[in-house]
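Produce the entire structure from the sequences given, and follow the hints as far as they go.
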Amino acid sequence: MKPDFLNDIRFTDLTWAGAGPFGTKVFSDFGAEIIKVESTVRLDSVRTGGPFKDRRYGVNRSGYFASRNTGKKSFTADLKTKAGRALVHGLIEKSDVVSNNFGPGAMERLGLSYDEVREIKPDIVYLSMPMYGENGPLAELLGVGMTISAVTGLMWATAYEAGDPVGPGTHYPDHAANPYHAAFAVLAALRYRQLTGKGMKIDLSQVESTLNFIGTAVTDWAITGREPPITGNADAHAAPHNVYRTRGEDDWLAVAVIEDRHWTALCDVMGRGDLAADPALSTADGRIAARDRLDVAVADWAAGREADPAAAELIAAGVPAAKVASARHLIESDPQLAHRGYFQRVAHPELGDSLYAALPFTIDGERIELDRPPLLGEHTREILRDILELPEAEIDRLDAEGALK
Amino acid sequence: MQPYSGIRILDLAHWLGSYTGRLFADLGAEVIRIEPPGGLPDRERATAGTFAFLNASKSSITLDMDGAAGFNRFLALCGSAQAVILERDGPFWDRAEALRTALPGLVVTCVSPFGRTGPMAEAPASDLTLQASGGILWMSGRIEAAPLRLPFGQAAMVAGTYAATATAMCLRDAERRGRGHLVDVSAQEAIAHSLQNAVQVWDLEQRVSVRGGEGTRDATEDVFACKDGHVFLAAPPALPNSWNGLVGWMEELGHPSGSALRDTRWTDREWRKTQAAKDAFRKLFCDFTAGLTREELCEGAKSRKIVMAPVARLADLPDDPQLRHRGFFRQLDGHRFPGPPYALSEPVWRVAPAPELSQATAEVA
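Chains L and D are the protein sequences, given in the same order. Note that our numbering gives residue 399 to position 399 of the first sequence, counting from 1, and the numbers run on in steps of one. Throughout, our numbering is defined as the position within the second sequence, counted from one, plus 405.
There could be a bad hint or two in this list.
Quick list of in silico lysine-lysine cross-link-like pairs, DSBU-like style, CA-CA up to 30 Å [to be verified]:
| id | chain 1 | residue 1 | chain 2 | residue 2 |
| --- | --- | --- | --- | --- |
| 1 | D | 688 | D | 632 |
| 2 | L | 82 | L | 121 |
| 3 | D | 710 | L | 405 |
| 4 | L | 80 | D | 707 |
| 5 | D | 710 | D | 632 |
| 6 | D | 707 | D | 632 |
| 7 | D | 710 | L | 80 |
| 8 | L | 80 | L | 121 |
| 9 | D | 688 | D | 710 |
Derived from the structure by calculation, the hints contain no laboratory data.
Okay, here's the thing in structure tokens:
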């Protein structure tokens with residue numbers, strides 16, 4: 001399906017890199033018109049970051065960019081020029097939402113502070129998502145997604161053992177907490193505008209947003225006065241609960257015995273009647289006390305097996321288990337994702353039929369079909385003509401004077 | 406007036422969908438946990454903090470759910486609601502279609518480990534196994550050890566946030582056009598949607614992104630020990646100010662690591678992503694940081710535009726000057742409580758303690 005749920009909504013979208021565009025992408029996927037304002041003078045950093053089609057660099061060849069910008073329109077303007085800024089003002093006047101993820105002060109330098117934008121469009125929904133919030137002593141701190149993991153405690157807690165932090169292997173806050181908190185806030189602000197006629201400014205500090213993703217642990221710590229234990233792949237309340245090596249070069253099996261019935265089923269599958277019969281192991285507390293010994297037992301069993309059939313055997317017996325899937329495995333070998341049509345191929349002039357993850361839900365039993373991401377500046381002229389209603393001669397003049405770079 | 410004033414959501418979630426209702430409740434929706442007389446399973450399973458966080462601002466009623474009469478009682482309640490959140494292994498999970506048929510204007514959001522369809526629809530799952538089957542577990546950890554999961558129940562956070570966004574989209578359509586929807590959210594898919602660019606790295610370059618970042622992440626982008634803890638650094642070639650600031654600082658202090666990092670091999674972007682480069686950089690950088698505290702390092706980094714930050718533990722958070730300045734933490738039920746994920750210019754975000762079982766029966770009835 002191609003939903004038209006938002007066909008009355010237009011964004012002037014100044015977000016770039018990862019977290020911002022991922023949050024506005026869901027709006028274009030749902031039928032909103034997202035005008036992505038970019039520039040050939042200062043390229044979006046994910047256009048220049050890979051992976052690239054055939055490993056060959058090109059501003060329209062980045063898969064990272066593609067995955068964050070499906071269904072958007074690309075409008076290029078040099079915001080360093082007065083004429084370029086005036087065009088953006090014109091777009092804002094005809095937009096419902098203005099979005100950016102620049103550092104503090106950048107929108108002000110472009111003459112696009114909330115107050116200035118409100119003068120252009122009084123009921124605008126204005127989304128900013130600077131890393132640490134727009135004001136305060138560390139507002140100017142430079143960072144990437146992993147910086148957010150570092151200052152929130154997420155990096156500290158992603159560890160095999162206490163005191164030796166490893167951290168998430170990705171810029172995790174950029175790909176989950178921050179884009180989707182932002183999207184949810186914009187949808188809420190649009191309903192508020194519907195009710196009251198008023199717009200609002202959303203100052204999404206990516207640190208504060210991410211702290212909510214570990215809010216359960218923060219609240220546990222506040223209530224008990226103790227930091228939650230660092231357990232790696234184990235669980236403070238369950239055992240055995242770990243990731244075990246299987247046959248294969250780098251293949252692993254996750255097994256989680258949460259309930260007593262999982263334990264008896266696991267023993268059954270492993271053929272370990274002796275463990276099942278041990279009354280000391282019949283409760284979670286008993287199994288936790290024997291955690292190391294039970295890890296050895298499961299590891300021995302897993303070591304001789306392939307991960308996928310081992311997981312299947314455990315699942316059939318009712319034990320939570322899964323092969324530790326790589327992206328390649330998800331794409332090529334996951335029957336569930338294949339059944340649900342999770343991955344989509346979308347045609348693109350430079351990327352060919354390249355692969356995208358669908359939005360992770362269906363609506364009324366159907367997948368949302370993605371539209372391809374835009375080429376750099378692909379829609380500039382169309383937008384000038386159809387939205388700003390400029391005559392061709394004026395567009396040519398703007399182009400000649402360098403405002404559309 | 407709040408953004409979701411006038412919206413009532415019946416919330417039967419108990420794990421993966423719990424955060425969904427919380428997001429709506431803070432912004433004015435009346436979110437009511439519909440619980441069997443003994444409570445939904447999270448009242449027993451979740452830790453105190455998890456329950457308090459995921460269920461703040463909601464209310465609760467109990468309902469005799471048994472048999473056809475129980476479903477009819479629930480259906481009658483749904484008649485007064487705009488949305489319902491169902492979760493697998495919870496009440497009325499298999500009645501989503503019946504709800505849609507009876508109430509065509511209702512948004513029914515179904516949250517589950519693998520979605521409502523497919524060979525895994527009924528498969529058992531936990532946070533650990535979902536992180537495995539969604540692909541995020543594969544991405545973290547050290548290459549010489551097992552893949553490492555993300556802490557603190559991230560499967561539920563990711564699934565719950567996506568479910569909230571999808572529900573909000575569908576509510577908007579239901580209000581505009583009078584047509585309800587059935588949303589089927591898969592936690593596995595939600596996690597698989599959060600793998601950075603790993604899907605494209607495989608599709609376009611036939612490389613597998615793997616824990617440790619071999620081949621994908623610069624040697625400088627990592628956690629490093631210092632005198633009193635750890636710092637995170639990022640000084641890849643893509644951030645030249647950060648790299649030049651760092652090497653310049655070392656040279657300024659006459660530290661030998663400075664000249665070592667001027668070696669031309671550090672201009673080779675691809676080599677810098679190898680394990681050899683990672684090992685070499687760690688040695689040189691940790692020689693430099695061994696005598697410096699987190700505060701000294703981060704102060705020096707800030708003035709030199711180096712991307713560096715302290716690796717904080719939860720106990721450090723109340724002292725974070727930025728969070729203090731912004732008044733991030735709130736008090737709820739006599740405890741410190743996280744503030745909102747977004748600061749809104751209109752005073753529309755409010756939080757209230759999670760409900761006791763059946764805390765709002767009087768008002769709802």
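We went through each hint and held it up to the structure:
no.: 1; hint: D:688 / D:632; result: holds (15 Å)
no.: 2; hint: L:82 / L:121; result: holds (19 Å)
no.: 3; hint: D:710 / L:405; result: holds (28 Å)
no.: 4; hint: L:80 / D:707; result: holds (27 Å)
no.: 5; hint: D:710 / D:632; result: holds (21 Å)
no.: 6; hint: D:707 / D:632; result: holds (18 Å)
no.: 7; hint: D:710 / L:80; result: holds (23 Å)
no.: 8; hint: L:80 / L:121; result: holds (22 Å)
no.: 9; hint: D:688 / D:710; result: holds (22 Å)
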